[in-house]
Amino acid sequence: MRQLYEGFKKSVVIMGICICCLGLTACGKKDAQQTAEQETGQTQEKETVGKQAAKGADDPKNVEADTDIGNSGADAKSSTDAVSVENEKDEAAEQGIVKNGDYILARPSQNGALSVKGTQLVDEKGQAVQLRGISTHGIAWFPDFVNQDAVMQLSTDWGANLFRIAMYTDENGGYCTDGDKEKLKALVTDGVEYAKQADMYVIVDWHILHDSNPLTHKTEALQFFKEMTEKLKDEKHVLYEICNEPNSGCSWEDIKSYANEVIPVIRENAPDAVILVGTPTWSQEIDKPQNDPITDYDNIMYTLHFYAATHKEDLRNKMVSAVEAGTPVFVSEYGLCDASGNGGNDLGQAQSWIDTMDQEGISYAVWSFCNKEETSALIASSCQKTSGFTREDLSESGKWIYDMLHTEGNTGGSAGDKKNQDTESVERDSKTSAQSQQNQTQENNTGTAENANAADQHENAAAQTVKSGDLTVDAQVTGSWESEGKTFYQYQLTITNNGKETTSSWEVSLTFSDTITLSDGWNGEYQADGKKLVIRSKDYNGEIKAGEAATDVGFIISASGQVTVQ
Numbered sequence: 020m021r022q023l024y025e026g027f028k029k030s031v032v033i034m035g036i037c038i039c040c041l042g043l044t045a046c047g048k049k050d051a052q053q054t055a056e057q058e059t060g061q062t063q064e065k066e067t068v069g070k071q072a073a074k075g076a077d078d079p080k081n082v083e084a085d086t087d088i089g090n091s092g093a094d095a096k097s098s099t100d101a102v103s104v105e106n107e108k109d110e111a112a113e114q115g116i117v118k119n120g121d122y123i124l125a126r127p128s129q130n131g132a133l134s135v136k137g138t139q140l141v142d143e144k145g146q147a148v149q150l151r152g153i154s155t156h157g158i159a160w161f162p163d164f165v166n167q168d169a170v171m172q173l174s175t176d177w178g179a180n181l182f183r184i185a186m187y188t189d190e191n192g193g194y195c196t197d198g199d200k201e202k203l204k205a206l207v208t209d210g211v212e213y214a215k216q217a218d219m220y221v222i223v224d225w226h227i228l229h230d231s232n233p234l235t236h237k238t239e240a241l242q243f244f245k246e247m248t249e250k251l252k253d254e255k256h257v258l259y260e261i262c263n264e265p266n267s268g269c270s271w272e273d274i275k276s277y278a279n280e281v282i283p284v285i286r287e288n289a290p291d292a293v294i295l296v297g298t299p300t301w302s303q304e305i306d307k308p309q310n311d312p313i314t315d316y317d318n319i320m321y322t323l324h325f326y327a328a329t330h331k332e333d334l335r336n337k338m339v340s341a342v343e344a345g346t347p348v349f350v351s352e353y354g355l356c357d358a359s360g361n362g363g364n365d366l367g368q369a370q371s372w373i374d375t376m377d378q379e380g381i382s383y384a385v386w387s388f389c390n391k392e393e394t395s396a397l398i399a400s401s402c403q404k405t406s407g408f409t410r411e412d413l414s415e416s417g418k419w420i421y422d423m424l425h426t427e428g429n430t431g432g433s434a435g436d437k438k439n440q441d442t443e444s445v446e447r448d449s450k451t452s453a454q455s456q457q458n459q460t461q462e463n464n465t466g467t468a469e470n471a472n473a474a475d476q477h478e479n480a481a482a483q484t485v486k487s488g489d490l491t492v493d494a495q496v497t498g499s500w501e502s503e504g505k506t507f508y509q510y511q512l513t514i515t516n517n518g519k520e521t522t523s524s525w526e527v528s529l530t531f532s533d534t535i536t537l538s539d540g541w542n543g544e545y546q547a548d549g550k551k552l553v554i555r556s557k558d559y560n561g562e563i564k565a566g567e568a569a570t571d572v573g574f575i576i577s578a579s580g581q582v583t584v585q
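In my numbering, the protein residues as written are 20 to 585.
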């Protein structure tokens, strides 16, 4: 019986052990299943838009990741890519690196000297970078804004990593006219040092404008860049812009000839510095270097300038086409208002420009860091400070730029995802503010009955038609304002072919009631002479079929008084 009892007891113990094992196994499977479900959920939450290189080995472009969870093969790759992106972001954050999408917002202390690879600006490790910053106004007129505290605030508070120093060459106080050369050079070198202390890159800008053609003051330019590069030869954070905005018929051949003389002078002391070369028609014809680039030197980029209320989708598409064709583009100046620096802001177009530049990894600098009484100035004209700015000290343009550069959303994704409340409120009010801004600018500039007269003239001249052979030109005044004792007019043209044959090119002539000065023009070749303005087609818009029209052609002129088309 005892043996029977002992055998029975052993059987019970063995059965108990088995039951315990089964229970533990079931619990383990349940825990593993829960863990797997949690990991799957976390992976799905981390699935985001992926980006892959498309501009050469190191040039990133946006590519949407497939997030269809019904496709198991795509899920696995998408999940892996998403985790990789998150890991890269975490690693970048640990290293103090700030990114805008796939592009590092470079700092000299971390990224060193920059260069150009394909179409992309890259750092000393070959990583794609982007510069986003602020341009001064003419330093001869607003020298006090070039100071250490102001530049430091742009870096640490605004989040800018680029400071552009604009030195006019031909205007009153210009370097090549009656300006104090030594004072101007000192301001440039001071600004370069301030940018260095603020851990920013800096552009030394030879700011041609009134002189139109960079060959006009070529001798002075050669001497300036020889002296400046000798002083700054050990500085790795400096970029050189050799001709701001060639205009008024200046050809790409002239610009290229000038560049081929200036670049070697810079290369003597700065053999690897990035050099920015302007393009015809106020740096809008980015297609010219696309078709005929400077080939004898490395680290060359070509500038495109835009003002959002004037230059819209057509010029934006031209910029993208240039990049896709292999042209390195740098937007060294832009504004939210029209090309005169005045009028109302077009914040919708401005955001479209920012979105596109961010997607393409294009660097940019906004005009301008001063308190001038004009729309493009970032500081309110009522503010007398030159540093230590609060939000109340900023203009509408300044607040929008501050939000765009400074908000948390700007450092981790594309511009389209930036939904800061302050920016939204500015965009929401933009439709009503544009006209009030223009009216306020007019009142502040003169305070006389001339403004009312200008407004009446604007209404009377709102739609004028001129015939030129088989072409009819409808000239629409889309804006007028007073500034510095002059009246500015912005015109939009519709050129209709009333003939029976398709045109291969066109030329129209407008005669005004008084002498005019051309300030800007787009989608045409412009030549002003006294009261006459001749406009010729570009190579891409010369063809107008019978009964059809060329649009998006326009210009800005100024006069000492009120003018109309005769």
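FYI, nobody ran anything at the bench for these hints, they're computed from the structure. The beta carbon of each residue, even a glycine, is placed where N, CA and C say it ideally should be. A few of these clues could be false.
[What the hints assert, rightly or not] The calculated label-pair distances, taken between Cβ atoms and stated as ranges, are:
#, residue 1, residue 2, range
1, S523, K486, 49 to 57 Å
2, P312, S579, 48 to 56 Å
3, K486, D548, 18 to 26 Å
4, K204, G561, 32 to 40 Å
5, T314, G192, 55 to 63 Å
6, K204, N517, 51 to 59 Å
7, S270, Q495, 26 to 34 Å
8, P312, T491, 18 to 26 Å
9, S401, N166, 33 to 41 Å
10, D218, G145, 15 to 23 Å
11, Q546, T491, 18 to 26 Å
[Stated by the list, open to error] Okay, derived cross-link-like pairs now, DSS-like style, lysine-lysine, Cα gap no bigger than 30 Å in a straight line:
#, residue 1, residue 2
12, K505, K391
13, K202, K144
14, K215, K204
15, K215, K505
16, K564, K237
17, K237, K144
Here is what the structure says about each hint:
1. S523 / K486: 49 to 57 Å: violated, 20 Å
2. P312 / S579: 48 to 56 Å: Between P312 and S579, where Cβ atoms are some 41 Å apart, the hint is violated.
3. K486 / D548: 18 to 26 Å: Because 21 Å falls inside the window, the suggested range holds.
4. K204 / G561: 32 to 40 Å: Violated - the Cβ-Cβ distance for K204 and G561, about 45 Å, lies outside 32 to 40 Å.
5. T314 / G192: 55 to 63 Å: violated, 37 Å
6. K204 / N517: 51 to 59 Å: Holds - the Cβ-Cβ distance for K204 and N517, about 56 Å, lies within 51 to 59 Å.
7. S270 / Q495: 26 to 34 Å: Holds - the Cβ-Cβ distance for S270 and Q495, about 29 Å, lies within 26 to 34 Å.
8. P312 / T491: 18 to 26 Å: violated, 39 Å
9. S401 / N166: 33 to 41 Å: 20 Å Cβ-Cβ, so the 33 to 41 Å window is violated.
10. D218 / G145: 15 to 23 Å: holds, 21 Å
11. Q546 / T491: 18 to 26 Å: Holds: the Cβ-Cβ distance is about 21 Å, inside 18 to 26 Å.
12. K505 / K391: holds, 16 Å
13. K202 / K144: The given pair, whose Cα atoms are some 37 Å apart, is violated under the 30 Å limit.
14. K215 / K204: holds, 17 Å
15. K215 / K505: violated, 39 Å
16. K564 / K237: Given pair K564, K237 is violated - Cα atoms ~43 Å apart, limit 30 Å.
17. K237 / K144: Violated, at roughly 35 Å.
Going through the hint list in order, the structure does not satisfy hints 1, 2, 4, 5, 8, 9, 13, 15, 16, 17.
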